[in-house]
Amino acid sequence: GAVVSQHPSWVICKSGTSVKIECRSLDFQATTMFWYRQFPKQSLMLMATSNEGSKATYEQGVEKDKFLINHASLTLSTLTVTSAHPEDSSFYICSARGRGNTGELFFGEGSRLTVL
Amino acid sequence: SQELEQSPQSLIVQEGKNLTINCTSSKTLYGLYWYKQKYGEGLIFLMMLQKGGEEKSHEKITAKLDEKKQQSSLHITASQPSHAGIYLCGADQAGGGNKLTFGTGTQLKVEL
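Protein chains in written order, with the working numbering: chain G, 1 to 116; chain P, 117 to 228.
Derived from the structure by calculation, the hints contain no laboratory data. Honestly, I wouldn't trust all of these hints.
[To be verified] Within a straight-line C-alpha distance of at most 27 Å, the following computed DSSO-like cross-link-like pairs (lysine-lysine) qualify:
1. P/LYS154 <-> G/LYS41
2. P/LYS154 <-> G/LYS20
3. G/LYS41 <-> P/LYS143
[What the hints assert, rightly or not] These stretches of chain G come out as covered by chain P in the derived footprint (C-beta under 8 Å, 3 or more residues):
4. 33-46
5. 107-114
Just so you know, even glycine gets a beta-carbon here, dropped at the ideal spot from N, CA and C.
Kindly generate the complete structure, drawing on both the sequences and the hints.
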């Protein structure tokens, strides 16, 4: 079946640095991917919709300059957390829809970011 | 945007017992998805419901969507330790089946 992979699974960085998280669709093309954020013991919150070849669409309250999204190919979307601060520490998950309108959204394994 | 409420927030059951998790929307749903997540990991797709009154089953898990398409339930029969995790319902906001709004989640623990 379709698989969505994220990298890295976890990352620790110093405050002020930027971190890039990759989301790949391994055996299908995804024109649209979605980035979610999850705080401990809370549900997933949609951050933005990543569109291949065009600008991402951000949800209300999500800083575009803080969370840079690039969807350069049909199999890769990246989320860059710029000038990270401790409050950016979270679990980030991406999703993509499989080909053929199956109705199933596939989720990556998630990336845990810890900012010191 | 749609608001989803799940109940209960957490649940502890003994192995072998049945349980039900509910997901209620403030608006009519285009589609309702159930996922399972182990803490700190990705989401595992369980089932998708689109039609009012629809019911689907997979192994010991049954999901239903009411006729008004505003409430869904997830029922687990004869629970096992492997059922433990966080169950999330996700609502299709725009009808395209892509962008989901998630419920608050239900943490399930199954005791031996």
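Hint-by-hint comparison with the structure:
The hinted pair formed by P/LYS154 and G/LYS41 meets the criterion: a straight-line CA distance of about 11 Å does not exceed 27 Å. Between P/LYS154 and G/LYS20 the alpha-carbon distance is near 24 Å, which keeps this suggested pair within the 27 Å criterion. For the given pair, G/LYS41 sits about 25 Å from P/LYS143 by alpha-carbon distance, which is consistent with the 27 Å threshold. Only residues whose beta carbon comes within less than 8 Å of a beta carbon in chain P count, and the region 33-46 of chain G has 8; three or more means the coverage holds.
Under a criterion of three residues with beta carbons nearer than 8 Å to beta carbons of chain P, the stated coverage of the region 107-114 of chain G is upheld, 5 such residues being counted.
Against the hints set out earlier in the document, no violation occurs for any number.
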